[in-house]
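Visitor: Here is what each chain is made of, one letter per residue.
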Amino acid sequence: MTGVSKRKNTIDAWLFLLPNFIGFLVFTVFAIGFSLWISMHRWDLFSSPTFTGLSNFVRLLTNDRDFKRALLNTLYFAVGIVPLGTATSLCLALLANRGLKGMTFFRTVMYLPSVSSTIAVGIVWIWLLDPQFGVVNYALRSIGLASPPNWLGSVLWAKPALILMHIWQYAGYYMIIFLAGLQGVPEQLYEAAVLDGASSWQKFWRITLPLLSPTTFFVIVMKMIGVFNIFEQPFIMTGGGPSGSTETIVYYIYSNAFEWFNMGYASAVAWVLFILVFGVTLIQFKYQGRWVNYE
Amino acid sequence: MSRRKRIADTLAYIALILVCFAMILPFIWSLSTALKGPGKVFLYPPQWIPDPIHWENFLTAWNRVPFGRFLLNTAFVSVAVVGLQLVTCSLSAYAFARMKFPGRDKLFLLYLGTLMIPGQVVIIPNFILMRYFGWLNTYSAMILPAAFSAFGTFLLRQFFLTIPYELEEAAVIDGCSRFGLYRRIILPLAKPAMASLAIFTFRSQWNAFLWPLIVVNDTAKMLIQVGLSFFRGMYYTEWELLLAGTLIALIPTLVVFAFGQRYFTQGIALSGLGGR
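Quick mapping for you: the protein sequence lines, in order, are chains A and B.
For the first sequence, our numbering gives the first residue as 1262, with consecutive numbering after it.
For the second sequence, our numbering gives the first residue as 102, with consecutive numbering after it.
No lab work stands behind these hints, which were simulated from the structure alone.
Fair warning: this is a prediction, and the values are worked out from it, not measured in the lab.
A hint or two may mislead.
What the hints assert, rightly or not - Here chain B is said to cover these stretches of chain A; the calculated rule only asks that three of the stretch's residues, wherever they fall, bring their Cβ under 8 Å from a Cβ of chain B: (1) 1291 to 1299; (2) 1305 to 1312; (3) 1324 to 1333; (4) 1384 to 1393.
Unchecked claim - Computed list of lysine-lysine pairs in DSBU-like fashion (alpha-carbon distance at most 35 Å, straight line): (5) B:322 with A:1420; (6) B:201 with A:1547; (7) A:1267 with B:207; (8) B:322 with B:201; (9) A:1267 with B:201.
All residues carry an ideal CB built from backbone N, CA and C; glycine is no exception.
Hey, can you work out the whole structure from these sequences and the hints?
Guide: This is the structure we're talking about:
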């Protein structure tokens, strides 16, 4: 290629890139840098920002009980949602993978909650979980439980209630990802196993699960990232309560920034959240070699 | 053997029906409540089929807050974002997938790197930026920041890479320009990937909550999810109206996705990601 046509090529490439790149530069690259800058200031948007160095981060990590509570709540959600949700979606995928008739219908019904908005579904679940008139407690009473939980109004039960709804909402979504993974398991392996006299149970543990492990790994990573971003659910269903028992890190960011106008402090929390998610994901990638099988 | 399989299939059907029942029950129960008269909502044990049926609850909810306006605003913003993303992302994806220029790989790595940064990190600086531009309470604030997506660029680039070069080489010999290659060869072949990006983006825009909540508080420009959460704040005791409003907000998505499920499931399988 000659120098001139090379230069023309570069100009052409940038013309293609430009519409996207301008937005990327302003709303992503600049915003990330700006956010870092804000996190080192005290700024309520009404007066001018004052530089405070790392003191937002120091306060956050050493002397903020509300942040600690939001962090622990978020970890509680992670422990409650990730294993149980992954197992649920896997079971649904195994059911849906049997090649039965009418599967498109079943699959559509199962994934509908995951395309619905969390705000709308959240309102529906407040009604379902109503301690007096809700269907959930009605069912519990009819199987003989005299005093079923006060769900969203109880410090003990609000978190399990949100976990239950979260698993319900996304079960079908991750089922579809598992289904795609199951389609990649070669049929011959099962046929060979049957010839060797393997039971269904053995086929599942020795063939399906190991060959599906890259998908399982992917689902766990995605679910974990999703859980660390929970916000709308407590916002609409509990307002973070009762007594802050469902306040998550993102909720804490929202309150700091847009209720109390602590822009600097909220940005610092956002960065700590990023580091946390990044760290957890990194650890997962590091230890995947122990259990994930890439042929 | 075949008898065992029949039993297993029957059990699987029963399990599937139970699961589907659990998935759809909350919606059915909401519909049932939304059609009840105020006195019947708090009946115990619950009444499953409302008697009499109060269809007018939907009309009342529709008139209490401007749901029509919210739906229109949301449709406008979602369609605009989807359209702009398809254009900007397919152009940049083409440059990354097919053209050589200095710094390309480093720039792509930068795009990829930002995918890891959660939205919460940029929401505060972008809010301040919107305020500085004077865009608070405008459609621009809801559309423009979402019109350029690193994820969309990544998704489409990956797909473009799978399209064989030979097709373009033949077109170049016929004198086709760069833009012609993109427009006439790559775009038509990339329809499945474009459809997936469109449907993912549509879903996340239709359901968007936090960003439209903070940049707009003018009812005339409010989006449906924010409007619904305000409606909940006002009518939290009138369950029949609240659930009628919730169903008004839900129905468009349920219809779109029940019919577009093929693209959605293909898209999840194609990208694995899809964003939440």
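Visitor: Of the numbered hints stated earlier in the document, which are not met by this structure?
Guide: 2, 3 and 8
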